[in-house]
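Novice: Each chain is listed here by its residues.
Protein chains: 2
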Amino acid sequence: MNAEIITIGDEILIGQIVDTNSAWIAEKLNLLGIKITQITSISDTEEAIYGAVNQSINRCDIVLMTGGLGPTSDDITKPTLCKFFGGNLVLHEPSLEIIKGIFGKRGLQVTESNRRQAEVPSSCEVLLNKNGTAPGMLFRKGGKILVSMPGVPFEMKGLMETSVLPLLKEMSSNMVIIHRTVNTFGIPESFLSDKLQAFEGKLPNYIKLAYLPSPSGIRLRLSGYSSHSETLNSEINQLIEYLRKEIPEYIFGYGNTSLPVVIGQILKSINATVSTAESCTGGTVAHLITEISGSSAYFKGSVVAYSNEVKTSILKVDANVLNENGAVSQQVVEQMAVGAGKLLKTDYAIAISGIAGPDGGTETKPVGTVWIAVASNNSLVSKKYIFSNQRDINIARASYTALNLLRELLLQEHLELNENIFGEKFE
Amino acid sequence: MNAEIITIGDEILIGQIVDTNSAWIAEKLNLLGIKITQITSISDTEEAIYGAVNQSINRCDIVLMTGGLGPTSDDITKPTLCKFFGGNLVLHEPSLEIIKGIFGKRGLQVTESNRRQAEVPSSCEVLLNKNGTAPGMLFRKGGKILVSMPGVPFEMKGLMETSVLPLLKEMSSNMVIIHRTVNTFGIPESFLSDKLQAFEGKLPNYIKLAYLPSPSGIRLRLSGYSSHSETLNSEINQLIEYLRKEIPEYIFGYGNTSLPVVIGQILKSINATVSTAESCTGGTVAHLITEISGSSAYFKGSVVAYSNEVKTSILKVDANVLNENGAVSQQVVEQMAVGAGKLLKTDYAIAISGIAGPDGGTETKPVGTVWIAVASNNSLVSKKYIFSNQRDINIARASYTALNLLRELLLQEHLELNENIFGEKFE
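First to last, the sequence lines map onto chains Z and V.
If you want the working numbering, it's the 1-based position in the first sequence plus 472.
If you want the working numbering, it's the 1-based position in the second sequence plus 472.
For the record, the hints were derived by calculation from the structure and aren't laboratory data.
Quick caveat: nothing in here was measured; it's all calculated off a predicted structure.
Treat the hints with care, as some may be off.
No copy is singled out in the list; a pair is fine if it fits within one copy or between any two copies.
Below, computed lysine-lysine pairings styled on DSS-like, alpha-carbon distance capped at 30 Å [stated by the list, open to error]:
#, residue 1, residue 2
1, 572, 837
2, 837, 577
3, 856, 674
4, 572, 616
5, 577, 667
6, 500, 788
7, 817, 788
8, 855, 641
9, 674, 837
10, 572, 817
11, 856, 572
12, 717, 641
13, 555, 814
14, 667, 572
15, 680, 555
16, 577, 855
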């Protein structure tokens, strides 16, 4: 079974928002063995919507649409769906009740534009949207289905999880797509590719390898397509076992994980805590750590020491050392790490000081120069990096590199964990 | 002139990466008056690439492609473009020189897979990519053009800015598309829509209004299409003037701005500094402030006080007050703000304490409960909010709401700034 996604809205074509819904939907459908063959973004005009729906429903089995259902008057999706599938707009009482409930809870009156959101084409099956005011709509035509959902990610996800995915699971055939991801950090794409040439040569034609680079690392994705789920699974497991032996020093986890998640798992398993002292990353490492739910178990806090005064007065960096070596130096970043660990009373501490840019670079310390230190009760590790000339990239790369340095130190100090980190536990 | 974007790569269809390139390209083309009529994401197979190129180049004048040019072996874009446009792959020496330079600077050898990146179809004009190893390629056919670029955002942007956009500017006709954005915060979409019903009724048919909601506020976008650039511009200016009078309390800026940018402009203009004390937002406010280049002029630092111990020991929150009222309380968040201002010696301080979830909620303080305080030398403002039951949304909304509270306090204390903030200065 194949599916296509249609996203509706000038805001995507005009570049004012990024389409994150499609990625989420695609991932979920792939887990059911349903392949996304195309994603199409179109304008919210009757012509564009009618045309795209007509083409997609002819090309594939399932069409999932998002957007074009807001309370504001730039939306014309529902009348167009009426035209394509027949019927006319009718009030759906249970959806109106949900709308009244949402507004009532906030002590607000239901407006006329909100009331209109409870109107749906008489030709559809309504999918109750408990998280918002626009109901989902399911249409059937010639054995194919089209689902229209609001574009608000939280509402779309709720509808997918409660209504759409269970239906698609029933419909999907025996063909299985298996994706497995191996997460690496610390090696450029072309070097990884060269290291894995022999590995790629071994792959059968129904298993593919893709490289997915980002500031948080390069993810290696193995995708297999087969009607024999168990055989495919065991083949892919063997390939992952091969990777684990080939490039162990670069692998930090398997599956849908990230450096902040892995670090959280390690710290929890050894019952240790961490803090950060951040200059050029301005709290980004703390932000990445605390995005993970449950991080309060191992994260106690941070000092964002953007000014030198904060580095000396709060983190107790020696003012003379700072003046002699500059804020972006091994000496200062090491004192920042030690200072944070003492001040925040944590077992581990990360410190970062660098020049994110675009200003502040010098001949000897160009933009992109970053010193990173990690301190524990027994060790103090520090390294210098030169990243790029782009502020956002420097902040992101410095933050993830610091997390990886911490991960390496944690594993060095807790050799007993290695098998777990690279093993099933973190899959 | 119309354009389409084609993004190549299973990683998008499989949902493992989000397509941010298209939004960036769309925004740039719209500024040139070139309308994006469709964005299509396809798999990196010969069949899909050939088919999409063939269809797009028939429908529109300009096709911009990204992706499918990496050094790894999952890429087959170049042979397919050879097939479509004719010619065969030839080595492009200047591109090879760039590749050698990039690797030389890092002290690395050029690998065979990197060398292959310098091969291009003989039917194309090469666009030198100074930021990476995959050259851009420009093809012409029947008065139409197709540009193929690498998918790495930094490299794609470099090629667009140095080669593609200047060319498109020359090609583009007299029709002008003008987009203007009014940024609001603190009012739900449906209420804003009701307030602006009369405004929407006044719009001529060639000017459209769109609502673009996100955790950072709702952006109102006016888009006008006309051959009379000056008339259109003055009409849109009048409409914006109307909005400014209709909803001044919700507007925080015009054009491509954000709350962190506006706050930076205000603080710089009054020569004041800010710090943050963050519990549930875990450094996100500091991260948002320091994403802005030049933020070191007004941002001194933060204390991320994730544990209660850090709140009392570093921010000097009274332990008895904390025990009596809990960490998520007016008393504690006010003491956090005052403590941060004193400790970090700043004129203004933001403090946030809440329950981001998914755990930690109680009957009286459910998940999503957040207390925010802003302190200055003269004022101490605090407010309680109940956001959602989603961790990521709670962190984002609390962070932006805190920034907006600071903005409101800054304007209250500096009435002379109002005209500027809502005026041309910040456009």
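Novice: Each hint needs a verdict: does it hold in this structure or not?
Specialist: Quick rundown of the hints versus the structure:
{"no.": "1", "hint": "572 with 837", "result": "between (60 Å within a copy, 24 Å between copies)"}
{"no.": "2", "hint": "837 with 577", "result": "between (56 Å within a copy, 16 Å between copies)"}
{"no.": "3", "hint": "856 with 674", "result": "neither (38 Å within a copy, 59 Å between copies)"}
{"no.": "4", "hint": "572 with 616", "result": "neither (33 Å within a copy, 52 Å between copies)"}
{"no.": "5", "hint": "577 with 667", "result": "between (58 Å within a copy, 21 Å between copies)"}
{"no.": "6", "hint": "500 with 788", "result": "neither (49 Å within a copy, 47 Å between copies)"}
{"no.": "7", "hint": "817 with 788", "result": "both (14 Å within a copy, 16 Å between copies)"}
{"no.": "8", "hint": "855 with 641", "result": "neither (49 Å within a copy, 45 Å between copies)"}
{"no.": "9", "hint": "674 with 837", "result": "neither (45 Å within a copy, 56 Å between copies)"}
{"no.": "10", "hint": "572 with 817", "result": "neither (50 Å within a copy, 48 Å between copies)"}
{"no.": "11", "hint": "856 with 572", "result": "between (58 Å within a copy, 24 Å between copies)"}
{"no.": "12", "hint": "717 with 641", "result": "neither (36 Å within a copy, 52 Å between copies)"}
{"no.": "13", "hint": "555 with 814", "result": "neither (68 Å within a copy, 64 Å between copies)"}
{"no.": "14", "hint": "667 with 572", "result": "between (60 Å within a copy, 19 Å between copies)"}
{"no.": "15", "hint": "680 with 555", "result": "between (42 Å within a copy, 24 Å between copies)"}
{"no.": "16", "hint": "577 with 855", "result": "between (53 Å within a copy, 19 Å between copies)"}
In terms of the numbered hints stated before, the structure departs from hints 3, 4, 6, 8, 9, 10, 12, 13, listed from lowest to highest.
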